[in-house]
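Throw the hints in and build the complete structure from the sequences for me.
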Amino acid sequence: MSKQIKVDYLARVEGEGALDIKVKDGEIQSLQLRIFEPPRFFQGFLVGRKFDEVPGIVSRICGICPAAHQVTSIMALEDAMGIKVTRQTQDLRRLLALSQYIQSHTLHIYMLAAPDFLGYESVMAMAADYKPVVERALKLKRLGNDLTACIGGREVHPVTAAINGFTKVPAKKELEGFKQKLLAAKEDALETVKLVNTFPIPDFTRDCEHVALSQGSVYALNEGNLVSTKGLHISAWQYRSHIQEKQEVHSSALHSYVVGRNSFMVGPLPRVNLNFDLLSEDAKKAAAETGVSFPNFNPFYSALARAIELVDAVDQSIEIIDRLELREEDTSFEIKGGQGFALTEAPRGTLYHSYIINEQGIVEEADIVPPTAHNVNNMEKDLWQFVPGVLDLSHEEATLRCEMVVRNYDPCISCSAHFLKLNISEV
Amino acid sequence: MTAKPKIAVYKMSSCAGCQLEILNLEHVLLDVINAVDLSYFVMARRDSEPGPYQIGLVEGAVTCGEEIEKLKQARKECETLVALGSCACYGGLPSIKNWTPQRVVESRVYENPAAIHSTTAYGIDYYVAVDAYLKGCPINKEELVEFIKSALLGAKPYLRPHSVCVECKLYENVCVAVSEDIPCMGPVTTAGCGALCPANHKACDGCRGPADDTNAKSLAQTFKEHGLNPGDIKRKFHKFAGMTPEFDKGADIL
Numbered sequence: 001m002s003k004q005i006k007v008d009y010l011a012r013v014e015g016e017g018a019l020d021i022k023v024k025d026g027e028i029q030s031l032q033l034r035i036f037e038p039p040r041f042f043q044g045f046l047v048g049r050k051f052d053e054v055p056g057i058v059s060r061i062c063g064i065c066p067a068a069h070q071v072t073s074i075m076a077l078e079d080a081m082g083i084k085v086t087r088q089t090q091d092l093r094r095l096l097a098l099s100q101y102i103q104s105h106t107l108h109i110y111m112l113a114a115p116d117f118l119g120y121e122s123v124m125a126m127a128a129d130y131k132p133v134v135e136r137a138l139k140l141k142r143l144g145n146d147l148t149a150c151i152g153g154r155e156v157h158p159v160t161a162a163i164n165g166f167t168k169v170p171a172k173k174e175l176e177g178f179k180q181k182l183l184a185a186k187e188d189a190l191e192t193v194k195l196v197n198t199f200p201i202p203d204f205t206r207d208c209e210h211v212a213l214s215q216g217s218v219y220a221l222n223e224g225n226l227v228s229t230k231g232l233h234i235s236a237w238q239y240r241s242h243i244q245e246k247q248e249v250h251s252s253a254l255h256s257y258v259v260g261r262n263s264f265m266v267g268p269l270p271r272v273n274l275n276f277d278l279l280s281e282d283a284k285k286a287a288a289e290t291g292v293s294f295p296n297f298n299p300f301y302s303a304l305a306r307a308i309e310l311v312d313a314v315d316q317s318i319e320i321i322d323r324l325e326l327r328e329e330d331t332s333f334e335i336k337g338g339q340g341f342a343l344t345e346a347p348r349g350t351l352y353h354s355y356i357i358n359e360q361g362i363v364e365e366a367d368i369v370p371p372t373a374h375n376v377n378n379m380e381k382d383l384w385q386f387v388p389g390v391l392d393l394s395h396e397e398a399t400l401r402c403e404m405v406v407r408n409y410d411p412c413i414s415c416s417a418h419f420l421k422l423n424i425s426e427v
Numbered sequence: 428m429t430a431k432p433k434i435a436v437y438k439m440s441s442c443a444g445c446q447l448e449i450l451n452l453e454h455v456l457l458d459v460i461n462a463v464d465l466s467y468f469v470m471a472r473r474d475s476e477p478g479p480y481q482i483g484l485v486e487g488a489v490t491c492g493e494e495i496e497k498l499k500q501a502r503k504e505c506e507t508l509v510a511l512g513s514c515a516c517y518g519g520l521p522s523i524k525n526w527t528p529q530r531v532v533e534s535r536v537y538e539n540p541a542a543i544h545s546t547t548a549y550g551i552d553y554y555v556a557v558d559a560y561l562k563g564c565p566i567n568k569e570e571l572v573e574f575i576k577s578a579l580l581g582a583k584p585y586l587r588p589h590s591v592c593v594e595c596k597l598y599e600n601v602c603v604a605v606s607e608d609i610p611c612m613g614p615v616t617t618a619g620c621g622a623l624c625p626a627n628h629k630a631c632d633g634c635r636g637p638a639d640d641t642n643a644k645s646l647a648q649t650f651k652e653h654g655l656n657p658g659d660i661k662r663k664f665h666k667f668a669g670m671t672p673e674f675d676k677g678a679d680i681l
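Chains A and B, in that order, are what the protein sequence lines are. Just so we're aligned, residue 1 is where the first sequence starts under this note's numbering, counting upward by one. Just so we're aligned, residue 428 is where the second sequence starts under this note's numbering, counting upward by one.
Simulated from the structure, these hints should not be mistaken for laboratory data. Beta carbons are placed, not taken as given, at the ideal position from N, Cα and C, and that holds for glycine. Be aware that a few hints might be false.
With the C-beta cut set under 8 Å, the calculated list includes, among others, these residues of chain B facing chain A [what the hints assert, rightly or not]:
#: 1; residue: Lys524
#: 2; residue: Arg535
#: 3; residue: Leu623
#: 4; residue: Arg662
And the structure:
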């Protein structure tokens, strides 16, 4: 008996992907997570552009986490030119990243994932029965967006982050205005953890390597080394010696793997697993109250990890706002040629940028690996193990379950398509 | 009760930032979905309602054959077709690749470029008739709301014809070009962003494309007089809207 699970255009993910699984006599014959987003060539057309254009250009890789691409490119370029930034700049970049966590995590939890678990096709359909829940989501998401706009000038493709600082530093008073809103949002974030904890979670655990940045004293976002649950411990400049991609005959997407090992997972769940102790006290407490134990290797708990990070992001933002003095700083620097590397934790997971620039500051080479590119291989591996368990369900239910496996990762396909090496081989 | 007007959101080659701006309308989102039906919106919905649709919002540049087909279908099923954002208006940032031979760009990214079939990046009006252009990278979401309201009322939407310079004056920004010699694209770029970049102490990047009656050549000449080399000037004009004749003229300086 043969069976086919086919999703031609995956919904509630960013970008264009499809899923095609063929099963015969209970055995998977083929399984493809196809990326049909057309190639976008960012690495190709960055060559020949000037270094100070790079943050604005790479921002357009992704409309959902533009600040992550901006700041990562900036850090890589600073690394190339030997620039060390001030504590204030580090703090503002961190706050910018946190604001994007609040926006992006809320978007995913409530608008992209929750409808699956609560039995709706979309958040719009959910709004009729869950109005207060949807209103809470809109409030939280707006707060994240407002905070991004306060620091960056605008929520989608912010403009102020620059090499060696910010073109404009927000006024202290303006940022302080966010403190009350964040304190109020804390309750909403805690409610989010409780809500996500009511989602029915499939019993599914897969032993795979979880990878995230880690640093001894803070919950790593823009700092630290890349570590894993299987002993990886590297700096950004060592990335290419340890993480590589290969083409799979049956897949259109390049598959990321740890050299000498296998596919791996990046994102909120690996971060929470690897850096649990560095979450804010209230985030840890909220996590403990769910009764779910970490480290946890059920990918369906990704939404819960996101919710826990939401609490942490609110707490950390308040802490940074309290600490920041905020003054305009000298952002001048000398242009130097060189090669630079940076790793950060974007909302969806580890993001890698590396550039070679010449003495005139013109880009000669660019290498960018976004979180979804890291995860595609692992999504397929999850599905290989997951699919046999859902074959007895109705076709519709099995399809939904498989889509959920992909949506756990909050994939951002436009991001990954700028680099995906399409393997369209003739058969 | 009459049925709500149906809106479709299509995606070509893009970052999804313009369609995200719809979900970023938090303060009015529930009102919006009371007034219109977001019938086809794959990023937010699992079930789609079939066309025809009153308004089609198309995000992204057209960069491959499949997208041309998809776009023609969109034109067929939508009464009003809107280019949503600078990629759809002009080809946007993806059009930077057009200035280098396609094979060279491909081989920088792909091991096996023979498997790639990417075409010159164009705005959607290269292939189909377009009824309105919402410019910007990303769009200004308030402009989108204004547009939808006008469409529902049968009124002509107000889309700004003037340049970013006008908005700088309105907001009383200090001119970054005059006061600090920052090479700003504001004089030739369509307003509607609230002069965001100059207000944040940086040059306008030209992301909203050419304003009406611009003289890009004259601005390019001014850039040259202020010490920019031809490469710098080319990069400024061949960026978000390099495929427009107006900005291409600016890039054409020797």
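Okay, the hints, checked on the actual structure:
1. Lys524: Nearest chain A Cβ about 4 Å off; hint holds.
2. Arg535: 4 Å, holds
3. Leu623: 6 Å, holds
4. Arg662: 6 Å, holds
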